[in-house]
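In case you want the letters, here they are:
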Amino acid sequence: EAQVTQNPRYLITVTGKKLTVTCSQNMNHEYMSWYRQDPGLGLRQIYYSMNVEVTDKGDVPEGYKVSRKEKRNFPLILESPSPNQTSLYFCATRQGSSQPQHFGDGTRLSIL
Amino acid sequence: GQSLEQPSEVTAVEGAIVQINCTYQTSGFYGLSWYQQHDGGAPTFLSYNALDGLEETGRFSSFLSRSDSYGYLLLQELQMKDSASYFCAVMSGQNFVFGPGTRLSVLP
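Protein chains in written order, with this note's numbering: chain A, 1 to 112; chain B, 1 to 108.
If you are wondering where the hints come from, they were derived from the structure by calculation, not from laboratory data.
This structure is a prediction, so every number in the text was calculated from the model and none was measured.
Built from N, CA and C at the ideal position, the CB exists for glycine as well.
One thing to keep in mind: the hints can contain errors.
As the list claims (entries may be wrong) - If the Cβ cut is set under 10 Å, some of the chain A residues that face chain B in the computed set are:
1) 4
2) 8
3) 33
4) 37
5) 40
6) 41
7) 43
8) 44
9) 48
10) 50
11) 56
12) 57
13) 100
14) 102
Between the sequences and the hints, there should be enough to build the whole structure, so can you do that?
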């Protein structure tokens, strides 16, 4: 079964404590992206990757890091989380640049 | 930069037809997509238009006019399960930009 798996699904943490949200896909897709979703703002792309070791900034990259060491994994790293990063985060993958995106189930982060 | 506009809310009754509009401003354009998201769920892909015209997939159709920077999603024979948020999205380069979403409420 085609899957995009995010972990954790929920996390409450405190300002400044480094955290990583993992994303793994089993579809051998080249493209992977991270989005945050906030009420009234839709989904905003944080970072994307077109292949292993190829990443680029989206619209809201400040405060986030990513890496793509393997094709299947694309972790999102918050080195020093702040309350304005409290949000719902989605990882997505797609085979080609204009192909449909497949989303993970989401990770709800609360940073106090 | 890029921006997309959609109505924030639409209400319709079961069995009716509803159209959700999307206008966009973008530098570079590679297509308009539509996604559905139920409360508490992940977005799921509905349709994609790269060229002008109408694409039909079952009860859902999507239209694009590149000259007008405009598209719409048409939902026919509405069902209660269609109550959800609907997002248009454009690709500009490799960057995906989503609209703010339209919340569709289907009434019995």
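Status of the hints after comparison with the structure:
no.	hint	in the structure
1	4	8 Å, holds
2	8	15 Å, violated
3	33	7 Å, holds
4	37	9 Å, holds
5	40	6 Å, holds
6	41	6 Å, holds
7	43	4 Å, holds
8	44	7 Å, holds
9	48	6 Å, holds
10	50	6 Å, holds
11	56	7 Å, holds
12	57	9 Å, holds
13	100	4 Å, holds
14	102	8 Å, holds
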